Amino acid sequence: MIVLQVNQLTKSFLADEILSGVKLEVQHRDRVALVGRNGAGKSTLLKIIAGQMSYDSGDIIIPKDIQIGYLEQHAGLNSTLTIWNEMMTIFESLLAQEQLLRSLEQQMADPTVYENPTMYAKVMSEYDHLQHTFKDAGGYQYESDIRSVLHGMQFYSEDYDKPISSLSGGQRTRLALAKLLLSKPDLLILDEPTNHLDIETLSWLESYLKGYEGAILIVSHDRYFLDQVVSIVYEVSRHRVTKYPGNYSAYLDEKAKNYERDVKLYERQQDEKAKLEDFIQKNIARASTTKMAQSRRKMLERTEWMESPDGDEKSASFGFTIERQSGNDVLSVDELTIGYNDRTISSGINLRTFREDRIALVGPNGVGKSTLLKTIVKDLSPLGGSIRYGTNVQIGYYDQEQAKLSSNKSVLKELWDEWPLMNEKDIRTVLGRFLFSGEDVDKAVSSLSGGEKARLALAKLMMQKANFLILDEPTNHLDLDSKEVLENALIDYPGTLLFVSHDRYFINRIATKVVELSGTGSFEYLGDYDYYVEKKQELLELAQMKAASQPQVQQDLPDKTSTSKIDKEAKKRERQIRRTIEDLESKMQETSAIVARLEEALCDSAIFTDHEKISMLQAELATAKEQHELLELEWLELNEELENISM
Numbered sequence: 001m002i003v004l005q006v007n008q009l010t011k012s013f014l015a016d017e018i019l020s021g022v023k024l025e026v027q028h029r030d031r032v033a034l035v036g037r038n039g040a041g042k043s044t045l046l047k048i049i050a051g052q053m054s055y056d057s058g059d060i061i062i063p064k065d066i067q068i069g070y071l072e073q074h075a076g077l078n079s080t081l082t083i084w085n086e087m088m089t090i091f092e093s094l095l096a097q098e099q100l101l102r103s104l105e106q107q108m109a110d111p112t113v114y115e116n117p118t119m120y121a122k123v124m125s126e127y128d129h130l131q132h133t134f135k136d137a138g139g140y141q142y143e144s145d146i147r148s149v150l151h152g153m154q155f156y157s158e159d160y161d162k163p164i165s166s167l168s169g170g171q172r173t174r175l176a177l178a179k180l181l182l183s184k185p186d187l188l189i190l191d192e193p194t195n196h197l198d199i200e201t202l203s204w205l206e207s208y209l210k211g212y213e214g215a216i217l218i219v220s221h222d223r224y225f226l227d228q229v230v231s232i233v234y235e236v237s238r239h240r241v242t243k244y245p246g247n248y249s250a251y252l253d254e255k256a257k258n259y260e261r262d263v264k265l266y267e268r269q270q271d272e273k274a275k276l277e278d279f280i281q282k283n284i285a286r287a288s289t290t291k292m293a294q295s296r297r298k299m300l301e302r303t304e305w306m307e308s309p310d311g312d313e314k315s316a317s318f319g320f321t322i323e324r325q326s327g328n329d330v331l332s333v334d335e336l337t338i339g340y341n342d343r344t345i346s347s348g349i350n351l352r353t354f355r356e357d358r359i360a361l362v363g364p365n366g367v368g369k370s371t372l373l374k375t376i377v378k379d380l381s382p383l384g385g386s387i388r389y390g391t392n393v394q395i396g397y398y399d400q401e402q403a404k405l406s407s408n409k410s411v412l413k414e415l416w417d418e419w420p421l422m423n424e425k426d427i428r429t430v431l432g433r434f435l436f437s438g439e440d441v442d443k444a445v446s447s448l449s450g451g452e453k454a455r456l457a458l459a460k461l462m463m464q465k466a467n468f469l470i471l472d473e474p475t476n477h478l479d480l481d482s483k484e485v486l487e488n489a490l491i492d493y494p495g496t497l498l499f500v501s502h503d504r505y506f507i508n509r510i511a512t513k514v515v516e517l518s519g520t521g522s523f524e525y526l527g528d529y530d531y532y533v534e535k536k537q538e539l540l541e542l543a544q545m546k547a548a549s550q551p552q553v554q555q556d557l558p559d560k561t562s563t564s565k566i567d568k569e570a571k572k573r574e575r576q577i578r579r580t581i582e583d584l585e586s587k588m589q590e591t592s593a594i595v596a597r598l599e600e601a602l603c604d605s606a607i608f609t610d611h612e613k614i615s616m617l618q619a620e621l622a623t624a625k626e627q628h629e630l631l632e633l634e635w636l637e638l639n640e641e642l643e644n645i646s647m
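Once you know that position 211 of the sequence shown is 211 in full-length UniProt numbering, the rest is easy, because the numbers rise by one and skip nothing.
Quick caveat, the hints were computed from the structure, so don't treat them as lab data. In this text, all values refer to a predicted model and were calculated from it rather than measured experimentally. Yeah, the Cβ is synthetic: ideal placement off N, Cα and C, and Gly gets one too. Be a bit skeptical, because a hint or two may be false.
Here are the computed lysine to aspartate or glutamate pairs in the EDC-like style, where the Cα-Cα straight-line distance is at most 20 Å [stated by the list, open to error]:
| id | residue 1 | residue 2 |
| --- | --- | --- |
| 1 | K536 | D492 |
| 2 | K453 | D417 |
| 3 | K282 | D271 |
| 4 | K255 | E307 |
| 5 | K314 | E301 |
| 6 | K465 | E418 |
| 7 | K465 | D262 |
| 8 | K460 | E401 |
| 9 | K409 | D357 |
| 10 | K483 | D271 |
| 11 | K64 | E213 |
| 12 | K587 | E626 |
| 13 | K184 | D65 |
| 14 | K314 | D16 |
| 15 | K243 | E267 |
| 16 | K243 | E418 |
| 17 | K465 | D528 |
| 18 | K483 | D528 |
| 19 | K465 | D492 |
| 20 | K378 | E401 |
| 21 | K483 | D198 |
| 22 | K210 | E192 |
| 23 | K210 | D186 |
| 24 | K625 | D583 |
| 25 | K536 | E206 |
| 26 | K413 | E424 |
| 27 | K536 | E17 |
| 28 | K314 | E487 |
| 29 | K453 | D440 |
| 30 | K587 | D604 |
| 31 | K257 | E272 |
| 32 | K135 | E213 |
| 33 | K465 | D357 |
| 34 | K587 | D528 |
| 35 | K465 | D399 |
| 36 | K314 | E17 |
Distance ranges between label pairs, derived from CB positions [what the hints assert, rightly or not]:
| id | residue 1 | residue 2 | range |
| --- | --- | --- | --- |
| 37 | S93 | E213 | 43 to 49 Å |
| 38 | N116 | A622 | 46 to 52 Å |
| 39 | R147 | Q627 | 53 to 59 Å |
When you get a sec, could you build the whole thing from the sequences and use the hints?
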């Protein structure tokens with residue numbers, strides 16, 4: 001079933017055409033990605049589909065019964081309610097149904113209802129229908145769904161009563177996503193949903209979206225996420241949209257094949273075009289050939305010549321070099337404690353960094369990854385422990401918040417003021433490599449977009465020629481093309497890398513070590529991200545096996561603090577058993593005497609002819625023997641327990 005159809009859609013801002021002739025289709029259960037460079041029109045297209053922006057021409061067809069849910073980029077939840085109460089607003093209709101069910105149950109509990117057959121039948125019929133409706137709508141599991149989604153978004157039971165107004169921007173963004181997922185629209189539209197999510201939350205979101213019942217339309221720059229979730233890719237490029245079946249990796253492969261084919265076709269067409277133009281130029285003035293030349297000119301004008309496959313889209317082009325090499329030992333961190341104003345975030349951090357290491361620092365949000373980097377580059381003071389730097393170490397630091405890029409200087413001045421001995425032409429050349437050209441270099445730094453600031457920060461980093469790069473989320477704000485350029489530059493970099501990233505594809509390409517940070521220390525894994533996940537799972541399984549055997553070990557080897565208590569309990573139980581055994585032995589003697597007396601009575605010849613008397617005595621004897629066996633069995637069990645206590 002088609003849930004969305006876009007036909008020949010166009011959109012312009014003043015004289016600038018953004019989208020032209022866009023065609024897009026989403027079927028039920030489709031997982032669709034929109035990819036393209038920053039500014040290509042991806043978010044614009046999502047806003048148009050979601051009804052938040054107008055369009056110039058074309059058609060958007062959405063069936064009447066289709067519900068659309070849209071999460072805008074950087075959107076945060078604003079509410080005066082607590083987290084739990086805000087999530088419950090999604091299920092107001094179910095709450096109303098539940099109240100009606102309770103009301104019907106009260107009526108059913110009233111005896112007078114049963115006296116009126118008509119009223120009784122009406123109440124029962126209404127209750128049965130409502131109960132089925134309530135069940136089908138998820139009435140018996142919505143609270144469980146809320147807990148599951150909140151847990152996946154890193155909100156736990158102790159957070160449920162927190163007012164949303166007290167949360168950070170990142171937490172509100174995660175909560176907005178949680179609320180949208182719980183509403184379960186038929187078409188889920190997500191614009192950069194992976195922002196503000198740590199790796200653990202990303203993995204949960206991937207699993208959730210794979211099993212989602214509706215269709216999904218996503219814009220994301222997270223390639224690992226796209227590979228895991230989507231099955232169709234639409235590329236937004238040069239105002240148009242092109243469809244590619246498969247995930248992101250399949251899209252890249254197909255696009256590369258198409259590019260090679262288009263280059264060959266374009267070159268062939270250009271040869272034909274050049275020959276026509278040459279013929280026209282040589283023959284248009286000759287009387288004998290002018291008609292042929294005019295005919296060729298008309299053909300040249302009528303032909304729709306193919307655009308260059310490279311188009312007018314430029315890619316950044318840069319690399320990182322070093323001024324001088326560092327020693328083999330680059331950085332040593334020992335028992336480091338980090339935080340702010342004596343408020344500890346993490347402690348017990350140990351890290352060894354050697355020349356040409358590529359270390360990825362991972363861990364949940366709030367564990368102190370950025371704080372650790374700021375402490376290493378001396379923007380923050382350590383609260384404890386030590387940091388030692390190696391010989392000839394020159395640090396280049398990339399701050400994800402780009403806090404130092406807030407001046408009113410022009411882009412040109414921002415770079416030139418730090419390297420005043422360079423001439424203007426060379427500065428402009430450097431900026432051109434980072435896609436700042438023409439009037440772009442005169443823009444105020446404070447007015448730049450997130451992507452432009454990221455490229456300017458990378459330009460300054462390249463100019464430093466540092467031999468130890470410390471990068472905090474370097475792929476944030478970069479489009480997929482710029483990410484690939486950055487990756488290639490870092491792969492060729494001859495120095496040492498320490499970086500924080502939530503981009504698992506990026507970590508896989510760059511890292512040779514992964515260090516996981518927690519509140520109580522750090523743990524090193526010698527491999528890329530996939531190795532880290534595999535090894536962590538292996539360690540988790542070993543810990544679970546150890547935990548499963550722990551109770552037996554504790555029973556065999558009780559700790560010293562509980563030994564005296566166990567001894568007292570054992571002695572008390574021993575006294576109870578001995579008293580019970582004495583009582584049992586006394587009762588066993590009594591039943592033995594009864595059995596002996598009854599057996600003797602049955603041997604009396606005077607009762608041989610009295611069948612009733614014999615039957616009665618035999619019944620009493622059977623009861624006495626059964627009672628004696630039960631007493632004897634209990635006596636044996638208690639004696640065995642007594643032996644175990646005494647051992």
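Status of the hints after comparison with the structure:
For a cut-off of 20 Å, the pair hint linking K536 to D492 is broken: about 29 Å separates their Cα positions. Restraint check for K453 and D417: the C-alpha separation of about 17 Å stays at or below 20 Å, so the hint holds. Pair hint K282 plus D271 holds up; C-alpha atoms about 17 Å apart against a cutoff of 20 Å. Using a Cα cut-off of 20 Å, the hinted pair K255 and E307 holds, with the two alpha carbons roughly 16 Å apart.
Proposed proximity of K314 and E301 is contradicted: the alpha carbons are some 28 Å apart, above 20 Å. Restraint check: the Cα-Cα separation between K465 and E418 comes to about 13 Å, which is no more than 20 Å; the hinted pair holds. Proposed proximity of K465 and D262 is contradicted: the alpha carbons are some 39 Å apart, above 20 Å. For the suggested pair K460 and E401, the alpha carbons sit about 15 Å apart, so the restraint of at most 20 Å is met.
This hinted pair does not check out: K409 and D357 have alpha carbons roughly 36 Å apart, beyond 20 Å. For the hint linking K483 to D271, the alpha-carbon distance of about 35 Å lies beyond 20 Å, and the restraint is violated. Of the supplied pair hints, the one linking K64 and E213 holds, its CA atoms being roughly 18 Å apart against a limit of 20 Å. Of the supplied pair hints, the one linking K587 and E626 holds, its CA atoms being roughly 13 Å apart against a limit of 20 Å.
The straight-line distance between the Cα atoms of K184 and D65 is roughly 14 Å, inside the 20 Å bound, and the hint therefore holds. With a C-alpha separation of about 18 Å, the suggested pairing of K314 with D16 holds against the 20 Å cut-off. With a CA separation close to 24 Å, the supplied pair K243 and E267 exceeds the 20 Å bound. Restraint check for K243 and E418: the C-alpha separation of about 45 Å exceeds 20 Å, so the hint is violated.
Proposed proximity of K465 and D528 is contradicted: the alpha carbons are some 26 Å apart, above 20 Å. Note on K483 and D528: the hinted pairing holds, with a Cα-Cα distance of about 18 Å set against a maximum of 20 Å. A distance of roughly 13 Å separates the Cα atoms of K465 and D492; the hinted pair therefore holds under the 20 Å criterion. For the hint pairing K378 with E401, the CA-to-CA distance comes to about 16 Å; that is within 20 Å, so the pair holds.
The straight-line distance between the Cα atoms of K483 and D198 is roughly 19 Å, inside the 20 Å bound, and the hint therefore holds. For the hint pairing K210 with E192, the CA-to-CA distance comes to about 17 Å; that is within 20 Å, so the pair holds. Taking the CA atoms of K210 and D186, the gap is near 14 Å; set against the 20 Å cutoff, the hint holds. Restraint check for K625 and D583: satisfied, since their Cα atoms lie roughly 18 Å apart, inside the 20 Å limit.
Of the supplied pair hints, the one linking K536 and E206 holds, its CA atoms being roughly 19 Å apart against a limit of 20 Å. Between the alpha carbons of K413 and E424 the distance comes to roughly 10 Å, so the proposed pair stays at or under 20 Å and holds. For the suggested pair K536 and E17, the alpha carbons sit about 49 Å apart, so the restraint of at most 20 Å is broken. For the hint pairing K314 with E487, the CA-to-CA distance comes to about 17 Å; that is within 20 Å, so the pair holds.
About 12 Å separates the Cα atoms of K453 and D440, which keeps this hinted pair within 20 Å; it holds. With a C-alpha separation of about 26 Å, the suggested pairing of K587 with D604 is violated against the 20 Å cut-off. With a C-alpha separation of about 23 Å, the suggested pairing of K257 with E272 is violated against the 20 Å cut-off. A threshold of 20 Å between alpha carbons decides the hint, and for K135 with E213 the separation of about 17 Å falls inside it, so the pair holds.
Distance check on the hinted pair: K465 and D357 sit about 17 Å apart at the alpha-carbon level, within 20 Å; holds. A hinted pair counts as satisfied when its Cα atoms are at most 20 Å apart, and K587 with D528 does not qualify at roughly 75 Å. Among the hinted pairs, K465 with D399 is consistent with the structure: their alpha-carbon atoms are about 17 Å apart, no more than 20 Å. Distance check on the hinted pair: K314 and E17 sit about 18 Å apart at the alpha-carbon level, within 20 Å; holds.
For the hinted restraint 43 to 49 Å between S93 and E213, the CB-CB distance of approximately 18 Å leaves it violated. At about 60 Å, the beta-carbon gap between N116 and A622 misses the expected band of 46 to 52 Å. Separation of R147 from Q627 is about 55 Å and conforms to the stated range, judged on CB atoms against 53 to 59 Å.
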